[in-house]
Amino acid sequence: MVMLLGKKIGITQIYDEAGRLLPATVIHAGPCAVIQVKTVKTDGYNAVQLGYDDVKPSRRKKPQIEHAKKANSVPKRFVKEMRLPNDTEPQYKLGDSITVSVFAESKIVDVIGTSKGKGFQGVMKRHHFGGMPGSHGTERKHRSPGSIASHGTDRGHGGNIKKGKKMGGHMGHVRITVKNHSLISVDQEKNLLVIKGSVPGPDGGYVIIQSAKK
Amino acid sequence: MKTEILNAVESKCLRKNMPHFEIGDIVDVHCKIKEGDKERIQIFTGTVIARRGKGISETFTVRRVVDEEGVERVFPIHSPNIVDVKPVRSGKTRRAKLYFLRERTGKSIKLAHRHSEHTVAS
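Heads up: the protein sequence lines correspond to chains A and B, in order. With this note's numbering applied, the first sequence covers 1413 to 1626. With this note's numbering applied, the second sequence covers 8 to 129.
In short, the hints are calculated from the structure, not lab data. Check each hint, because a few of them may be wrong.
[To be verified] Derived lysine-lysine pairs resembling DSS-like cross-links, with alpha carbons at most 30 Å apart:
1) 1602/A / 117/B
2) 23/B / 1528/A
3) 104/B / 117/B
4) 1602/A / 23/B
5) 104/B / 1519/A
6) 93/B / 1519/A
7) 104/B / 39/B
8) 114/B / 1608/A
9) 1481/A / 1591/A
10) 9/B / 1530/A
11) 1591/A / 39/B
12) 1419/A / 19/B
13) 1482/A / 1537/A
14) 61/B / 1528/A
15) 39/B / 1419/A
16) 1577/A / 1419/A
17) 1591/A / 19/B
18) 1608/A / 117/B
19) 1519/A / 117/B
20) 1608/A / 23/B
21) 1608/A / 93/B
22) 1608/A / 39/B
23) 9/B / 1602/A
24) 104/B / 1608/A
25) 104/B / 1492/A
26) 39/B / 9/B
27) 1537/A / 1553/A
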């Protein structure tokens, strides 16, 4: 598995060879610095810590600056760990730089991002409830969830609301993975990935790009 | 920065030899049509009544009247399926969107002829 950290630039359109217009998300990905290498010997598992987007060292505390300095790097704004198989030695070294070229051969990728926050939303928007009728005597509860429990639900407890009952509440701003999006092109000069379809999060939001799991 | 990168990505798909035509022109739009596995070129003739959008999403609208029934087609300018747009005759017009033609019937759908370089040449 390969993984890269990046930033969503925005979405546009592109024509393919057949003349079809495709939605295309442009992602600025990498180069990611390897800030730390974890091995079975030292940490119990193999992994590397990747960093993306430089921060001025003066804006970080000393532990972060020194941690990055070990890899001859400056502190990074977006840091994530990439797990590696435990049975082989990690092929990355401290201070390595991983670029979009790792996706040169890939056709499909998974993208992980944090979705746009929607604030406090009702059940119709948040859980696709049907709402109440618009007329026939319905008053002041057209978008309400209706009954949430009865005296007899959750047998034995009597009259409790079931755990996990879908209700209104905060929506969005959660980690979302979109799977098997095809990779349209890889620009190694500008460190750009063009992915078919949409990617969670606002423009400028951080995303993780992985080779597709299946 | 954001728009610059997006424009650069789009620009690979943009048409290089942009056909020149104006609002009010009568144009021949040569577009590729796929029938099964055969491909042929169909010509749609009509008046350009609007042009909107920019970059890769730019489109133009062509209107013609067939058997007293108005037909409008919206073509993406940069689509590879649009092989060519040939202006045949220029029309005299004072506005950028000729939606008023939709309400007209009969003889009045024709715009007054205007002499213009780009239609004379072809």
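- Task: Mind listing which of the numbered hints don't hold for this structure, in increasing order?
- Result: When the structure is compared with the hints, numbers 1, 2, 5, 6, 8, 9, 11, 13, 15, 16, 18, 19, 21, 24, 25 and 26 turn out to be violated.
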